[in-house]
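For reference, the chains in residue letters:
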Amino acid sequence: MIPAPAFLTNPERFMAFSRWAAPMFGAIAVVLAIVGLWLGWSAPPDYQQGATVRIMFIHVPAAIVCEVIYAFLAGASLLALVFRHMLADCAAQAAAPLGAGFTLLALITGSLWGRPMWGAWWVWDARLTSVLILFLLYIAYLALRASLDDEAKAARSAAILAMVGVVVLPIIHFSVYWWNSLHQGSSMFTKGALAPVYAWPLFAMLAAYLAAFGSLWLVRIRGEVWRRRAEAAALRMARA
Amino acid sequence: MSRLGALLARETALAWGRGGGPLVSVGFYAGVATLLPLAIGPEAERLAAVAPGAAWVALALASLLSLDRLFERDYEDGALDHLALSPVPLELTCAVKCAGQWLATGAPLALAAPVAAIALGAPLALTPLIFACALVGGLAFAFTGGIGAALSLGARRGGLLTAVIVLPLFVPPVIFGGGALAAFAGGLPWAPGLALLCAYGAAAVALGPLAMAAACRNALS
Amino acid sequence: MIERLELRGLGVRRGGRQLFSGLSLSLAAGEACALTGANGAGKTSLLRAVAGLVGLEAGEIAFGKLDATEARGAGLHLIGHQDGLKPARTTREELDFWSVWSGGTAASAEAAAKALDLTTLLDLEVRRLSAGQRRRLALARLLAAPRPLWLLDEPLSPLDAGWRSRFGTMMQAHLAGGGLILAAVHDPLPIAAKVLEIGA
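Chains as they are written, first to last, in the numbering used here: chain A, 1 to 240; chain B, 241 to 461; chain C, 462 to 661.
Okay, chain A solo, but in the shape it has when bound:
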């Protein structure tokens, strides 16, 4: 067994932990977001892209976080499959809609960023295309989870899908970038080192998003745990 702290494995301890941790992460997220947005607003406009470069501070962290969330989803799914742990399954179920939400945010802001630059609402850029396929993976997970009536089977099936997804995801990334290099696709993201004046707001927003995800994730896991307890209690009452 992997040694794991009690507040993560024991449902009671987890509920106690998350009761104070979720608001704390939320507060950190708000503070970091304010800092990040202020830094982003006061950063000078890019000589190429003008003021619209500031969408980068919303878009890029979202694109990074949605991948991180998928890694968490796969990790929780692995724990749920191997140890059949209820909390791990709740964590996976809670993370999926959040991941889909951040992915959608990344796609929409990516589209908004491209519009002033290229005059098109969508660009088949390597990163955007990759994020779009990740969105499809999230949708597949949510769809699979929702369409099996037996909850336990649906959970395991979706967990297997998450594991397959996390193995195929690097291959998808590689293939999309390879495809982009073949066709010399447009790249709207400047490559090269990021100027420090842009780096700070970016990192601040990234940290804000991660903290926001942490807070929302804990809240959703709590909700899921309560929902299952309520259902179990209702079943017991119906049997009595």
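Hint data in this document are derived by calculation from the structure and do not stem from the laboratory.
Quick list of the computed label-pair ranges, beta carbon to beta carbon: (1) Glu-12(A) x Arg-313(B): 41 to 51 Å; (2) Gly-223(A) x Glu-467(C): 35 to 45 Å; (3) Arg-13(A) x Pro-619(C): 52 to 62 Å; (4) Trp-226(A) x Ala-439(B): 43 to 53 Å; (5) Ala-359(B) x Glu-151(A): 46 to 56 Å; (6) Ala-446(B) x Trp-118(A): 35 to 45 Å; (7) Glu-467(C) x Arg-19(A): 38 to 48 Å; (8) Gly-245(B) x Ala-653(C): 38 to 48 Å; (9) Trp-121(A) x Arg-589(C): 55 to 65 Å.
Within a straight-line C-alpha distance of at most 20 Å, the following computed DMTMM-like cross-link-like pairs (lysine to aspartate or glutamate) qualify: (10) Lys-547(C) x Glu-316(B); (11) Lys-153(A) x Asp-308(B); (12) Lys-153(A) x Glu-518(C); (13) Lys-526(C) x Glu-467(C); (14) Lys-547(C) x Asp-308(B); (15) Lys-655(C) x Glu-492(C); (16) Lys-153(A) x Asp-321(B); (17) Lys-547(C) x Glu-586(C); (18) Lys-153(A) x Glu-224(A); (19) Lys-153(A) x Glu-316(B); (20) Lys-655(C) x Glu-464(C); (21) Lys-655(C) x Glu-615(C); (22) Lys-526(C) x Glu-492(C); (23) Lys-547(C) x Asp-317(B); (24) Lys-547(C) x Asp-321(B).
Quick caveat, the model's predicted, so the values are computed rather than measured.
We put the CB at the ideal spot given by N, CA and C, even for glycine.
For this one, chain A is given, so just place chains B and C on it according to the hints.
Same frame as chain A, now just chains B and C:
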């Protein structure tokens, strides 16, 4: 080994379905190849530009068609129970099922692909590469599709759900095969694309059955 | 060869419902046990749990000296409600395949066909068989590939009285040869058997 041989013969025969299996797949394929010029106009240059790619995408979609027969029928009529209760590991059984599917529908589609591509205006020289990509790609699509088919056992709207699960997994082979075909048409080296396609196919054959067997066990429980 | 099938303190939970718990049974070679109980009580789940398809919430299953994986791979037959037969295939094709799959030979498949009066039906497609004939074809697996433990889920329901007693004779022969039978039934078995009620 006679067990697996018998299983392969059975799966191929069932997927072949007295000719109905490949007929449906090739018919769908021909239908899509017909819709394309109807949609974008018959100008030869426009069609020829998209011909290899369109033929390739249509192949991926046609592979989706026969997926619901792969596991769902056996699951519904109780045969999957018997297939699972055997000294043969379920992973191997799933692999043989996918191989039978590929032999019965993937191979005929690989023969139809060059025909469709030429009808859409692809150069004749492209034909061997299209056939090779379709053959290897068909294997990748069969084994990856099998993962989706096994995961959606017992679900409502299983066919649609399988497609939703499987389309992101189809992205790499579509890119690699399409890249090889586009490179050939453009006079660039096509070998890297084909090599990557073969690599993905090999990975799908080696790893896909693990996920399929886990999904089948879950469905049977 | 399974000398003894032991079920100790089995508990199975499905769809959030506890079907049964603390169930124990000991079956020696040559013995049969009939599982009775209302519909949905868990008879099918118990059979599938012994076969290893359904997971146990509690308890353990022992197959004598045989390892559980070996027993489940080649030591038992599970004949469920459904036949596992493909409608478009002929009786001969299905019989031959399932015989080979279970480890039997062409000769044993033929003997099974003879014992179950399937010889005249061999060239017919499965979809043309009656319910009783399909059930006999499904049961042919038991005779085509001998395995010690028979797990039967309402095996006799589509069979008429004549075939029920004939199959009873086959079950008797199986027990005499050292086999074990665990059968879920609504009506009494045509052979002497222990009775275990599920969901009482």
